[in-house]
Amino acid sequence: MTLLAGSAVVADLAAREPKCYSKDVNDWFCLDYVRDRSDEIQQATTTHLQITVTAVLLGLALAFPLALLARRLPRLEALVLGLSTFVYTIPSLALLPLLVPLTGLTKTTVVIGLGLYCLTILVRAMLDGLRSVPDEVRESATGMGFGRTRLLLRVELPLALPVLMAGLRVATVSTVALTTIGTVVSEGGLGKLIADGKSTEFNAELMTGAVLCVLLALVLDVVLVLAQRGLTPWTRRVRTA
Amino acid sequence: MSDVFSYLFDSASWSGPGGLSEQLVQQLLLSVTALVAALAVGLPIALWLGHLGRFGFLAINVSNIGRAVPTFALLALLARFSWPGSGEFGPYGRAGLATLVALLFFALPPIITQAYVGMREVPADIREAARGMGMSGPQQFWRVELPLALPLVLSGARLALVQVWATATIAALVGGPGLGNVIRLGFANVDRRSEGIAGALLVAAVALVLELLAASAQRAADPVPRDPGRRGGRDLSPIASTVAPAAATDS
Numbered sequence: 296m297t298l299l300a301g302s303a304v305v306a307d308l309a310a311r312e313p314k315c316y317s318k319d320v321n322d323w324f325c326l327d328y329v330r331d332r333s334d335e336i337q338q339a340t341t342t343h344l345q346i347t348v349t350a351v352l353l354g355l356a357l358a359f360p361l362a363l364l365a366r367r368l369p370r371l372e373a374l375v376l377g378l379s380t381f382v383y384t385i386p387s388l389a390l391l392p393l394l395v396p397l398t399g400l401t402k403t404t405v406v407i408g409l410g411l412y413c414l415t416i417l418v419r420a421m422l423d424g425l426r427s428v429p430d431e432v433r434e435s436a437t438g439m440g441f442g443r444t445r446l447l448l449r450v451e452l453p454l455a456l457p458v459l460m461a462g463l464r465v466a467t468v469s470t471v472a473l474t475t476i477g478t479v480v481s482e483g484g485l486g487k488l489i490a491d492g493k494s495t496e497f498n499a500e501l502m503t504g505a506v507l508c509v510l511l512a513l514v515l516d517v518v519l520v521l522a523q524r525g526l527t528p529w530t531r532r533v534r535t536a
Numbered sequence: 030m031s032d033v034f035s036y037l038f039d040s041a042s043w044s045g046p047g048g049l050s051e052q053l054v055q056q057l058l059l060s061v062t063a064l065v066a067a068l069a070v071g072l073p074i075a076l077w078l079g080h081l082g083r084f085g086f087l088a089i090n091v092s093n094i095g096r097a098v099p100t101f102a103l104l105a106l107l108a109r110f111s112w113p114g115s116g117e118f119g120p121y122g123r124a125g126l127a128t129l130v131a132l133l134f135f136a137l138p139p140i141i142t143q144a145y146v147g148m149r150e151v152p153a154d155i156r157e158a159a160r161g162m163g164m165s166g167p168q169q170f171w172r173v174e175l176p177l178a179l180p181l182v183l184s185g186a187r188l189a190l191v192q193v194w195a196t197a198t199i200a201a202l203v204g205g206p207g208l209g210n211v212i213r214l215g216f217a218n219v220d221r222r223s224e225g226i227a228g229a230l231l232v233a234a235v236a237l238v239l240e241l242l243a244a245s246a247q248r249a250a251d252p253v254p255r256d257p258g259r260r261g262g263r264d265l266s267p268i269a270s271t272v273a274p275a276a277a278t279d280s
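Those sequence lines, one after another, are chains A and B. All residue numbers for the first sequence refer to our numbering, where the first residue is 296 and numbers rise by one. All residue numbers for the second sequence refer to our numbering, where the first residue is 30 and numbers rise by one.
Source of the hints: derived by calculation from the structure; they are not laboratory data. Treat the hints with care, as some may be off.
Below, in silico cross-link-like pairs of lysine to any residue (SDA-like), each with a Cα-Cα straight-line distance of 25 Å or less [stated by the list, open to error]: (1) A:Lys-402 to A:Val-509; (2) A:Lys-318 to A:Leu-507; (3) A:Lys-402 to A:Ala-356; (4) A:Lys-318 to B:Gly-204; (5) A:Lys-318 to B:Gly-116; (6) A:Lys-402 to B:Ala-97; (7) A:Lys-318 to B:Ser-111.
Some, not all, of what chain A presents toward chain B, calculated at C-beta under 8 Å [stated by the list, open to error]: (8) Thr-384; (9) Pro-392; (10) Ala-472; (11) Thr-475; (12) Val-509.
Over 12 Å on every C-beta distance to chain B, these chain A residues come out as not near it, computed from the model [stated by the list, open to error]: (13) Val-320; (14) Leu-352; (15) Leu-353; (16) Lys-402; (17) Pro-429; (18) Phe-441; (19) Arg-443.
Don't be surprised by glycine CBs; every beta carbon is placed ideally from N, CA and C.
Turn these sequences into a full structure, and let the hints guide you.
Following this line, the structure appears as structure tokens:
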């Protein structure tokens with residue numbers, strides 16, 4: 296009797312086509328996997344996006360006052376640049392666990408760590424951008440009666456925008472990639488799929504995580520390019536002239 | 030913190046298989062090989078395109094896509110594929126070949142962008158003067174453009190070296206070689222935490238040493254002694270150069 300039931304199960308299994316992500320097939324690209332696990336994938340992508348965007352915004356929020364400070368006090372500039380370069384040499388594999396006693400195994404830990412890495416790129420981009428503003432433009436604005444704040448907000452920042460945005464693009468794209476390392480403190484967004492796919496030899500999961508990471512980076516990069524075009528219409532006019 | 034230093038200054042932690050010196054040598058070997066390979070692949074393309082002054086947009090954007098590929102994902106994929114796989118690879122250790130290939134791709138973007146931008150930034154009047162003196166294409170390239178572009182080319186290599194070195198630790202996440210193993214084991218284990226911190230300190234310290242060595246090599250190779258206010262002083266610091274070339278390609 297059991298023999299019969301057993302053979303029925305085997306026949307039943309054979310009749311069904313094995314899914315492309317089953318252990319025996321283990322395809323690299325598998326739409327069934329994406330369909331069946333869409334909840335998990337969506338959640339990982341959302342987390343990834345959240346971490347990346349918050350980290351870049353944090354970096355931007357910190358870089359802005361630091362860059363202004365470094366510009367106002369040239370003696371501080373070397374210190375600010377030196378410190379932010381030093382942060383860059385700390386391997387992410389160590390920086391994230393080091394933050395765990397402070398903020399625990401949370402997204403905050405990853406956001407702080409990645410924000411610090413962004414800071415390095417963004418402070419320099421901000422300083423380079425402000426430095427790219429021609430002196431005569433600054434002088435004529437002052438001559439027209441612009442005060443320091445108005446000069447900064449209405450003249451210098453807009454003109455610094457192309458260089459700043461270039462830095463922001465590099466920072467964003469690298470942060471998307473680096474977010475995967477968050478998996479060492481169990482918050483890696485898509486990095487979780489990659490790590491899990493690697494350790495359980497689940498090819499479709501690994502490949503899907505990797506491909507989505509690249510796509511996310513490219514989408515964010517395109518968004519930034521479009522934002523820059525919208526924010527600096529004068530650069531476009533010059534190019535076509 | 031005293032645990033960290035007692036671990037770092039204990040000769041027992043440096044010796045033997047899996048010891049600090051073995052991991053350090055493996056990671057240095059990996060970083061330098063990946064850098065040399067990336068220079069061999071990236072420089073001819075970037076310099077030639079820079080000389081032609083065409084297709085630069087393409088070269089730089091393709092290499093920027095490289096930036097978007099997470100090294101962790103690439104490593105995990107390469108180690109899973111049947112080639113390069115996660116086998117032992119000579120002195121490079123387990124998953125050595127996969128790590129090398131991943132780091133090679135990681136090193137390409139800064140090398141290609143910097144070299145291309147360096148070539149394009151040779152002033153047009155100098156190019157024209159060279160042509161006016163009757164120099165042929167190759168002569169212009171070897172005797173005028175390349176020497177003038179060299180500081181930026183080297184700053185790309187310097188940036189790539191430091192980044193590759195720091196990133197090589199990630200290899201430990203896929204069972205690869207290098208100091209990442211010390212860091213990972215340390216942080217995975219509550220009572221070995223100080224070892225993890227020691228590993229991180231070691232990686233950061235070597236990164237600074239590499240940075241200083243590369244900076245002095247760069248200064249030595251500069252054909253034109255520069256005054257500090259101009260490009261060549263502060264502007265050639267590694268991180269600034271990630272930003273500057275991107276800006277140059279967008280404008």
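Against the structure, the hints come out as follows:
1. A:Lys-402 to A:Val-509: With Cα atoms ~21 Å apart, A:Lys-402 and A:Val-509 stay inside 25 Å; holds.
2. A:Lys-318 to A:Leu-507: 22 Å, holds
3. A:Lys-402 to A:Ala-356: 18 Å, holds
4. A:Lys-318 to B:Gly-204: 22 Å, holds
5. A:Lys-318 to B:Gly-116: At roughly 22 Å apart (the allowed maximum being 25 Å), B:Gly-116 and A:Lys-318 satisfy the hint.
6. A:Lys-402 to B:Ala-97: Within the cut-off at roughly 21 Å; holds.
7. A:Lys-318 to B:Ser-111: 17 Å, holds
8. Thr-384: 4 Å, holds
9. Pro-392: 4 Å, holds
10. Ala-472: 4 Å, holds
11. Thr-475: Status holds, d = 4 Å.
12. Val-509: Nearest chain B Cβ about 5 Å off; hint holds.
13. Val-320: 15 Å, holds
14. Leu-352: For A:Leu-352, whose nearest Cβ neighbour in chain B is about 18 Å away, the distance exceeds 12 Å, so it holds.
15. Leu-353: 18 Å, holds
16. Lys-402: Since the minimum Cβ distance to chain B is about 18 Å, A:Lys-402 lies beyond 12 Å and the statement holds.
17. Pro-429: 14 Å, holds
18. Phe-441: It holds; A:Phe-441 is separated from chain B by about 25 Å at its closest Cβ, greater than 12 Å.
19. Arg-443: Per Cβ check, A:Arg-443 is outside 12 Å of chain B; nearest 24 Å; holds.
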